[in-house]
Amino acid sequence: RKEVEQDPGPFNVPEGATVAFNCTYSNSASQSFFWYRQDCRKEPKLLMSVYSSGNEDGRFTAQLNRASQYISLLIRDSKLSDSATYLCAVRIYGGATNKLIFGTGTLLAVQP
Amino acid sequence: DGGITQSPKYLFRKEGQNVTLSCEQNLNHDAMYWYRQDPGQGLRLIYYSQIVNDFQKGDIAEGYSVSREKKESFPLTVTSAQKNPTAFYLCASSIDHRDYTQYFGPGTRLTVL
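Sequence lines, in order, name chains G and C.
Whatever position you read off the first sequence (first residue = 1), add 37 for the numbering used here.
Whatever position you read off the second sequence (first residue = 1), add 9 for the numbering used here.
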């Protein structure tokens, strides 16, 4: 089983729709969680960190469920410009291990 | 303007040649990282450096080498021993190794012919 798993998509949604992505992780020692956005042939850009209590930034809401070991990203009122690949990243820190593990990404295509 | 720069953006090399990818940051970050990204795969960690003159192997270090002689610079050499070097290479940095909010450079797309 991969340490971090995402549904690769693509998620094809109309403008204005609400879309949610999940990302599951297998290591219970995971400590920090992030969502990155990556446009085609570009570098990943930090979208938001994910806090235990959940957090919101405009149309984007991130949540963490430690019991079920997943994080989620909700995008409301989708825009054409939201079309991109969304990567989740999980930090594992403990003993000799200290690294950030990325999922393979979920592709979102917002249709006019 | 603070940020991470990588050069060149595109690089073509013949099989069997070593090639060095540049990564520079002026964010005053202690930690720097190299990843490679292949189609349909997540980012995989090649090497990382928590501080000047120190670096550790990541998950796929074979066929690669790095140096960290200056805080601002973390060049990656792709050697001829790397079996499948064609990939998108991404450099990242974070304030220090305890802060894992990583910021990425624009990447170098390496093609080995």
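Honestly, the hints are just simulated from the structure, not real lab data.
Hints may be right or wrong, so weigh each one.
Straight-line distance between alpha carbons at most 27 angstroms, and here's what the computed DSS-like set of lysine-lysine pairs gives [stated by the list, open to error]: (1) C/K66 - C/K80; (2) C/K23 - C/K80; (3) G/K39 - C/K79; (4) C/K18 - G/K39; (5) G/K82 - C/K66; (6) C/K23 - G/K136; (7) C/K66 - G/K136; (8) G/K82 - C/K23; (9) G/K39 - C/K92; (10) C/K18 - C/K80; (11) G/K82 - C/K80; (12) G/K82 - G/K136; (13) C/K23 - C/K66; (14) C/K18 - C/K79; (15) G/K39 - G/K136; (16) G/K116 - G/K79; (17) C/K79 - C/K66; (18) G/K116 - C/K92; (19) C/K18 - C/K92; (20) C/K92 - C/K23; (21) G/K39 - C/K23; (22) C/K92 - G/K136; (23) G/K82 - G/K39; (24) C/K23 - G/K79; (25) G/K79 - C/K92; (26) G/K39 - C/K80; (27) C/K80 - G/K79.
Some chain C residues well away from chain G (every beta-carbon gap over 12 angstroms; in silico) [stated by the list, open to error]: (28) L20; (29) S31; (30) L99.
Cβ coordinates follow ideal geometry from the N, Cα and C atoms, glycine included.
Quick one, are G/K39 and C/K92 close enough, alpha carbons at most 27 angstroms?
Answer holds: G/K39 to C/K92 is near 23 angstroms, not above 27 angstroms.
Restraint check for G/K82 with C/K23, where alpha carbons must lie at most 27 angstroms apart:
violated, 31 angstroms
Would the hint linking C/K92 and C/K23 be met if the CA-CA limit is 27 angstroms?
holds, 13 angstroms
27 angstroms limit on alpha-carbon distance, applied to hinted pair G/K39 and G/K136
The given pair, whose Cα atoms are some 15 angstroms apart, holds under the 27 angstroms limit.
Checking one constraint from the list: CA of G/K116 to CA of C/K92, max 27 angstroms. Satisfied?
Not satisfied, since the Cα-Cα distance of roughly 41 angstroms exceeds 27 angstroms.
Decide, holds or violated, for the assertion that all CB atoms of chain G are farther than 12 angstroms from the CB of C/L99.
C/L99 not clear of chain G: closest Cβ-Cβ about 6 angstroms, inside 12 angstroms.
Should the label of C/L20 as a non-interface residue stand, given a Cβ cut-off of 12 angstroms to chain G?
holds, 14 angstroms
Would you mind confirming whether the straight-line C-alpha gap from C/K23 to C/K66 stays at or under 27 angstroms?
Satisfied, since the Cα-Cα distance of roughly 26 angstroms is no more than 27 angstroms.
Within a Cα-Cα threshold of 27 angstroms, do C/K23 and G/K136 meet the stated pairing?
violated, 33 angstroms
Would the pair G/K82 and G/K136 pass a check requiring their Cα atoms to be no farther apart than 27 angstroms?
Between G/K82 and G/K136 the Cα gap is close to 18 angstroms, so the pair holds against 27 angstroms.
Distance restraint between G/K39 and C/K23, which requires alpha-carbon spacing of 27 angstroms or less:
Not satisfied, since the Cα-Cα distance of roughly 34 angstroms exceeds 27 angstroms.
Could you grab the alpha-carbon distance between G/K82 and C/K66 and see if it respects the 27 angstroms cut-off?
holds, 24 angstroms
Violation of the numbered hints given earlier is confined to hints 2, 3, 4, 6, 8, 18, 21, 26, 30; the remaining hints are satisfied by the structure.
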